[in-house]
Amino acid sequence: AQSVTQPDIHITVSEGASLELRCNYSYGATPYLFWYVQSPGQGLQLLLKYFSGDTLVQGIKGFEAEFKRSQSSFNLRKPSVHWSDAAEYFCAVGAGGGYQKVTFGTGTKLQVIP
Amino acid sequence: EAGVTQSPTHLIKTRGQQATLRCSPISGHTSVYWYQQALGLGLQFLLWYDEGEERNRGNFPPRFSGRQFPNYSSELNVNALELEDSALYLCASSLASSSGGTDTQYFGPGTRLTVL
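Residue numbers (this note's numbering), protein chains in the order written: chain A, -12 to 101; chain B, 12 to 127.
In short, the hints are calculated from the structure, not lab data. Among these hints, one or two may not hold up.
Unchecked claim - Every beta carbon over 12 Å from chain A, so not counted as near; a handful from chain B, in silico:
{"no.": "1", "residue": "Gln17"}
{"no.": "2", "residue": "Pro19"}
{"no.": "3", "residue": "Arg33"}
{"no.": "4", "residue": "Tyr46"}
{"no.": "5", "residue": "Gly69"}
{"no.": "6", "residue": "Arg74"}
{"no.": "7", "residue": "Arg78"}
{"no.": "8", "residue": "Phe80"}
{"no.": "9", "residue": "Pro81"}
{"no.": "10", "residue": "Asn90"}
{"no.": "11", "residue": "Leu101"}
{"no.": "12", "residue": "Pro120"}
{"no.": "13", "residue": "Val126"}
As the list claims (entries may be wrong) - Label-pair ranges, simulated between beta-carbon atoms:
{"no.": "14", "chain 1": "A", "residue 1": "Ser26", "chain 2": "B", "residue 2": "Leu52", "range": "12 to 20 Å"}
{"no.": "15", "chain 1": "A", "residue 1": "Gln45", "chain 2": "B", "residue 2": "Thr125", "range": "35 to 43 Å"}
{"no.": "16", "chain 1": "B", "residue 1": "Ala91", "chain 2": "A", "residue 2": "Thr17", "range": "18 to 26 Å"}
{"no.": "17", "chain 1": "A", "residue 1": "Ser1", "chain 2": "B", "residue 2": "Arg74", "range": "43 to 51 Å"}
{"no.": "18", "chain 1": "A", "residue 1": "Gln45", "chain 2": "B", "residue 2": "Lys24", "range": "20 to 28 Å"}
Quantities reported herein were computed from a predicted structural model and do not represent experimental measurements. Here a beta-carbon is modelled for each residue, glycine too, at the ideal position from N, C-alpha and C.
Excised from the complex, chain A in its bound form:
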């Protein structure tokens, strides 16, 4: 069974600073990887996804993530954070093989200070 670890429960960054949110996964084959963002009281919005190909994936809102098989990681990055990026971020891994279950990490809450 696959699993996802987001080691940082809460991160605070200053507006304009760079951001990196960590995600480590466990899965025996090539995973399907996702990053979602959730604003308070809202559903999840897809930021980006990796299925295959280029290991650097570009998403919406200026986010990118890099798949590193050797480190079993899929970290999310943004070069300059905006106050509106304050939200909770979830990394997720899918098993593939027609098996649709997606496992989500426990989330990282991002606080942006002026």
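Please build the complex by placing chain B on the supplied structure of chain A, with the hints as guidance.
Chain B in isolation, oriented as in the chain A frame:
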């Protein structure tokens, strides 16, 4: 294109009652997923429906059940409500997985269920 919709937005029930939550997927999507997001517990997978059939369920008791209708909309029923059922219930939809991969799930805004 309309996204995933859920109703109601908020639902308040008392212990022992039944709750019914509804979800309409994105047009063209045949798979619907239900998740429970309780405070401090992250997203817990509840149920997956595809083409009207229950394909998989998470580690939840049988009082959590649902169905998918011919138009691919879905209903989640929670019987004999307990206080710990209070949570945000999220519905997601995706295309059917015909390639053997994992299709992207698109989420609705959720239904906030409060059990008193």
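Consistency of the hints with the structure:
{"no.": "1", "hint": "Gln17", "result": "violated (8 Å)"}
{"no.": "2", "hint": "Pro19", "result": "holds (14 Å)"}
{"no.": "3", "hint": "Arg33", "result": "holds (14 Å)"}
{"no.": "4", "hint": "Tyr46", "result": "violated (8 Å)"}
{"no.": "5", "hint": "Gly69", "result": "violated (8 Å)"}
{"no.": "6", "hint": "Arg74", "result": "holds (21 Å)"}
{"no.": "7", "hint": "Arg78", "result": "holds (17 Å)"}
{"no.": "8", "hint": "Phe80", "result": "holds (19 Å)"}
{"no.": "9", "hint": "Pro81", "result": "holds (20 Å)"}
{"no.": "10", "hint": "Asn90", "result": "holds (24 Å)"}
{"no.": "11", "hint": "Leu101", "result": "violated (6 Å)"}
{"no.": "12", "hint": "Pro120", "result": "violated (4 Å)"}
{"no.": "13", "hint": "Val126", "result": "holds (18 Å)"}
{"no.": "14", "hint": "A:Ser26 <-> B:Leu52: 12 to 20 Å", "result": "holds (19 Å)"}
{"no.": "15", "hint": "A:Gln45 <-> B:Thr125: 35 to 43 Å", "result": "holds (39 Å)"}
{"no.": "16", "hint": "B:Ala91 <-> A:Thr17: 18 to 26 Å", "result": "violated (42 Å)"}
{"no.": "17", "hint": "A:Ser1 <-> B:Arg74: 43 to 51 Å", "result": "holds (47 Å)"}
{"no.": "18", "hint": "A:Gln45 <-> B:Lys24: 20 to 28 Å", "result": "violated (43 Å)"}
The structure fails to meet hints 1, 4, 5, 11, 12, 16, 18 from the earlier list, while all remaining hints are met.
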